[in-house]
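Position chain B relative to chain A; hints supplied.
2 protein chains.
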Amino acid sequence: MTTPEAREQAVLEAVGKRREQVNEAIPEELPIQRPERLYEASRYLLDAGGKRLRPTVLLTTAEALADVEPLSVDYREFPDLGDENDDTIDVMAGAVSVEVIQSFTLIHDDIMDDDDLRRGVPAVHKEYDLETAILAGDTLYSKAFEIMLETGAPADRLVDALEILATTCTKICEGQSLDVSFEQRGDVTTDEYLEMIEQKTAVLYAAAACLPAVLLGADDETIEALYGYGLDVGRAFQIQDDVLDLTVPSEQLGKQRGSDLVENKQTLITVHAREQGVDVADLVDTTTVENVTEAEIDDAVAVLEESGSIEYANGTARDLVARGKDRLEVVPDNEARDLLFDIADYLIERGY
Amino acid sequence: MTTPEAREQAVLEAVGKRREQVNEAIPEELPIQRPERLYEASRYLLDAGGKRLRPTVLLTTAEALADVEPLSVDYREFPDLGDENDDTIDVMAGAVSVEVIQSFTLIHDDIMDDDDLRRGVPAVHKEYDLETAILAGDTLYSKAFEIMLETGAPADRLVDALEILATTCTKICEGQSLDVSFEQRGDVTTDEYLEMIEQKTAVLYAAAACLPAVLLGADDETIEALYGYGLDVGRAFQIQDDVLDLTVPSEQLGKQRGSDLVENKQTLITVHAREQGVDVADLVDTTTVENVTEAEIDDAVAVLEESGSIEYANGTARDLVARGKDRLEVVPDNEARDLLFDIADYLIERGY
Numbered sequence: 087m088t089t090p091e092a093r094e095q096a097v098l099e100a101v102g103k104r105r106e107q108v109n110e111a112i113p114e115e116l117p118i119q120r121p122e123r124l125y126e127a128s129r130y131l132l133d134a135g136g137k138r139l140r141p142t143v144l145l146t147t148a149e150a151l152a153d154v155e156p157l158s159v160d161y162r163e164f165p166d167l168g169d170e171n172d173d174t175i176d177v178m179a180g181a182v183s184v185e186v187i188q189s190f191t192l193i194h195d196d197i198m199d200d201d202d203l204r205r206g207v208p209a210v211h212k213e214y215d216l217e218t219a220i221l222a223g224d225t226l227y228s229k230a231f232e233i234m235l236e237t238g239a240p241a242d243r244l245v246d247a248l249e250i251l252a253t254t255c256t257k258i259c260e261g262q263s264l265d266v267s268f269e270q271r272g273d274v275t276t277d278e279y280l281e282m283i284e285q286k287t288a289v290l291y292a293a294a295a296c297l298p299a300v301l302l303g304a305d306d307e308t309i310e311a312l313y314g315y316g317l318d319v320g321r322a323f324q325i326q327d328d329v330l331d332l333t334v335p336s337e338q339l340g341k342q343r344g345s346d347l348v349e350n351k352q353t354l355i356t357v358h359a360r361e362q363g364v365d366v367a368d369l370v371d372t373t374t375v376e377n378v379t380e381a382e383i384d385d386a387v388a389v390l391e392e393s394g395s396i397e398y399a400n401g402t403a404r405d406l407v408a409r410g411k412d413r414l415e416v417v418p419d420n421e422a423r424d425l426l427f428d429i430a431d432y433l434i435e436r437g438y
Numbered sequence: 087m088t089t090p091e092a093r094e095q096a097v098l099e100a101v102g103k104r105r106e107q108v109n110e111a112i113p114e115e116l117p118i119q120r121p122e123r124l125y126e127a128s129r130y131l132l133d134a135g136g137k138r139l140r141p142t143v144l145l146t147t148a149e150a151l152a153d154v155e156p157l158s159v160d161y162r163e164f165p166d167l168g169d170e171n172d173d174t175i176d177v178m179a180g181a182v183s184v185e186v187i188q189s190f191t192l193i194h195d196d197i198m199d200d201d202d203l204r205r206g207v208p209a210v211h212k213e214y215d216l217e218t219a220i221l222a223g224d225t226l227y228s229k230a231f232e233i234m235l236e237t238g239a240p241a242d243r244l245v246d247a248l249e250i251l252a253t254t255c256t257k258i259c260e261g262q263s264l265d266v267s268f269e270q271r272g273d274v275t276t277d278e279y280l281e282m283i284e285q286k287t288a289v290l291y292a293a294a295a296c297l298p299a300v301l302l303g304a305d306d307e308t309i310e311a312l313y314g315y316g317l318d319v320g321r322a323f324q325i326q327d328d329v330l331d332l333t334v335p336s337e338q339l340g341k342q343r344g345s346d347l348v349e350n351k352q353t354l355i356t357v358h359a360r361e362q363g364v365d366v367a368d369l370v371d372t373t374t375v376e377n378v379t380e381a382e383i384d385d386a387v388a389v390l391e392e393s394g395s396i397e398y399a400n401g402t403a404r405d406l407v408a409r410g411k412d413r414l415e416v417v418p419d420n421e422a423r424d425l426l427f428d429i430a431d432y433l434i435e436r437g438y
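Going down the list, the protein sequences come from chains A and B. Taking my numbering, the leading residue of the first sequence gets 87, the next gets one more, and so forth. Taking my numbering, the leading residue of the second sequence gets 87, the next gets one more, and so forth.
Hints are computed from structural coordinates only; laboratory data are not their basis. Be aware that one or more of the hints could be misleading.
Remember, identical chains collapse to one label, so a pair may be satisfied in a single copy or spanning two.
Below, a list of computed lysine-lysine pairs in the DSSO-like style, where the Cα atoms sit at most 30 Å apart [stated by the list, open to error]: (1) Lys212 with Lys351; (2) Lys257 with Lys351; (3) Lys137 with Lys341; (4) Lys212 with Lys257; (5) Lys212 with Lys137; (6) Lys137 with Lys103; (7) Lys103 with Lys341; (8) Lys411 with Lys103; (9) Lys137 with Lys411; (10) Lys411 with Lys257.
So here's chain A without its partners, still in its complex pose (with noise of 0.2 Å):
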C-alpha cells in the first residue's frame, strides 16, 4: 500500500524520464534548418519545456500494450504486437508527432486570445510578429504528420494513424470555435461546456493513448478503449486546470489566482455555479489581474464553494478519472497499466 504523495513522486519520475527522451527527439524530428526563423519560431515553445504528458501517455501505452517492463525497450525501435515479423515502429515519432500539434494549438490559441505569456516566455507572435507566429504554427502543422510517416509503421496502419491526426486536428478548431463563441454567450450549460471540452482539449489525449495501439497493430476493441481513456482523462485535466486556477495560490499557479473569473472566462465551475442562480458575471468586480485582491478571489470562491460548484466540478473529474482507468481493462496487466492510472490520478490529484 502506497501513500497518494508516494504515488505523485512516481508519476513525476516516470513522465520526467520519458520526458528527457523526448525533448532529445524533438530536435532529430524537427531540426532548425533553412529559412532559419521560420523554424526557430516554430520550435520556440516546444524548447521551452512542457511536461510532456501526451507523449508519456503515448509512451506509456505503447509498453503497456508490448508488456514490456517501463524504460526497457528503445522506443525508436519498438516491438510490433504481431509475431509474424521482426519488423519495429518508431513510437518516439509519434510521440513527438503529438507535441508538434499540442504546440502548433497554442501558438495560434495565443494569437486568438492575444495571451502573451506561455510557459514563462513572451507568446510566439510576442517574441517574433504576427506572421512568424502564424507560419510557425502552419509549419508545425504539417511537420506533424510528416513526422508521422518516420514511424515506420505498415501503410494500412499509417493511414489509420493519420486520418486520426486529421480528425483529432479538426476536432480541436471546432473545440476552439466553440469556446470562442462561448464567450458571447451567456446561457452555456455543463454539457455543452463538457462537449467544448472534449473537442479543444480532450481528443488530443485520446489520440495518444490510441495511436500507440494504432501503430503496432492492435485490434480495434483495444483502440477504442483506449481513446474512450484519453477523452475522458483529458476532460479530467481540463476541468482540474479550471479548479486550479480557484484554489491554488498565485505564487505556486505562476500567475494570478482566479484569473479566469477576473477575465470572465466559462469554465464547467462557473457555468455550474449559473445554473445554480449565482450571478456569475458579479462575482468579481476589478476587470484586470493587476488590480484584483486576493480578498475578492476568496469572496468569488466561497460564493462558488456555497453554490457547491467547485465540487461539482470535483466530481465530474473524479468520475471521469473512474471512468477511464475503468477502460483500461482490455490492456494486459502490467507495471505500465498501473503507470496509466497513476497519470489518471496524477491529472486530478496534482497540486498545480
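For chain B alone, kept in the frame of chain A given last:
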C-alpha cells in the same frame, strides 16, 4: 492548325467544365456543419470563386494517364491503372483536397500581408475577424487531409499521397517565410527569387499534377515527370502574374496596374532590373495605389523594358513552360495530354 485564340478558348472551356464539377464537389466534401460560423468562414473564399486551375490540372492528368476521353468518366469513380481489379478511385476528392489547401494558404496569407480584398470580396479576416480567419485556415488544413483519405486509394498509395500533401504544405510555409524575409532585403538574386516561388507557388501545381499518378498507381518515373511538369508550369504561372501586373490595364486586371511596384513588392522583373543596375526603389515615388498615376507606371515600365527585365521574365516563363511540356512525354499521347500542353501555354499567354 488552330490559332492561339482558338486554343485559349478551348482551354477556358475545358477548365470551365471541370470547374463546374469541382464547384459541385466542394460543398459535398466540406458541408456547413456545427459550429456553423467556423465552417461558413472556411467555405467563404472557396465559394467566392476562383479558376480552379489546380483541380483542373489534377483531373486532366488523371484522364491523360487513364487514356480516356476527356469528361467521359465519372471523376468520383475513376478506373485504377492496374487491370487486376475493378476498384475505382475518387480523383475528385483529390482535386478538392488540393483546392482546400490553396484556400487555407490564401486565408492565412491575407492576414500576413494584411490584404483587404481577395477574389473581389473582403478577405476572411476582414469579413469575419482575425480569430475566425486563423481558425478557418487551420480547419481547412486538416480537412484537406481528411478529404484526401476519401479518395479510397489503396493504403500504400494513400500514404504516398498524404506525404506529398504534408511536404507540399511545409514547402509552402517555407516559401512564404522566404517571401516575407525578402521584403527586408535589397540583394535578393533571381535564383533566390525562383527558389522562393517554387516553394510558395509551384509545389502545389506539382502536387496537383503528380497526385493522380500516385492515387491511380502509376510508376515512379511517371510520378516524378508529372511533379516536374507542375513545378515548371507553376513557376511560369507566378512569373506571368508578375508580368501581367505591369502590362495589363487596371480595369482588366481588377486592381491598379503596377501595384507591385508601388508596394515595393519584389518580383522576378524588379530583381532582374536591380541586377542590371536599375534603382528599383526609385521607379515609382508614390507609395499608395490610390495616388499613383498611369503616367508614373508607364515611365517605370519603360525603364524595366529598357533593362530587358520584362523580356527576361517572359523568356524565363516561356522556357519553363517548354520544359514542363517536354516532361509530359511519359504520358500517353491523347486528347487530355494535349489539354495539359494547352494549359501550360495558357498560363503564360493568358491576358489576366
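Same-copy or cross-copy closeness of Lys411 to Lys103 [CA-CA at most 30 Å]: Answer is within: at 23 Å inside a copy they meet the 30 Å cutoff, but 55 Å across does not.
With 30 Å as the alpha-carbon cut-off, assign the pair Lys212 and Lys257 to within, between, both or neither. both (27 Å within a copy, 24 Å between copies)
Between copies, within a copy, both or neither: which fits Lys137 and Lys411 at Cα up to 30 Å? The answer is within: 21 Å in one copy meets 30 Å, while 53 Å across copies does not.
Using 30 Å as the alpha-carbon threshold, which applies to Lys137 and Lys103: within, between, both, or neither? Within one copy only: 11 Å inside a chain, 53 Å across chains, cut-off 30 Å.
Pop the pair Lys212 and Lys137 into one bin, within, between, both or neither, using alpha-carbon distances up to 30 Å. The answer is within: 22 Å in one copy meets 30 Å, while 37 Å across copies does not.
Homomeric proximity label, Lys137 with Lys341: Cα distance no greater than 30 Å: within (17 Å within a copy, 50 Å between copies)
Is it within, between, both or neither when you check Lys212 against Lys351 at 30 Å Cα-Cα? both (22 Å within a copy, 25 Å between copies)
Within a copy, between copies, both or neither: which one fits Lys103 and Lys341 at a CA-CA cutoff of 30 Å? within (27 Å within a copy, 58 Å between copies)
Using 30 Å as the alpha-carbon threshold, which applies to Lys257 and Lys351: within, between, both, or neither? Close inside one copy (21 Å), not across copies (38 Å); limit 30 Å.
My question is about Lys411 and Lys257: at a cut-off of 30 Å on alpha-carbon distance, are they close within one copy, between copies, both, or neither? For Lys411 and Lys257, the Cα distance is within 30 Å only inside one copy (24 Å; across copies 42 Å).
In summary, the structure agrees with every hint in the numbered list given earlier.
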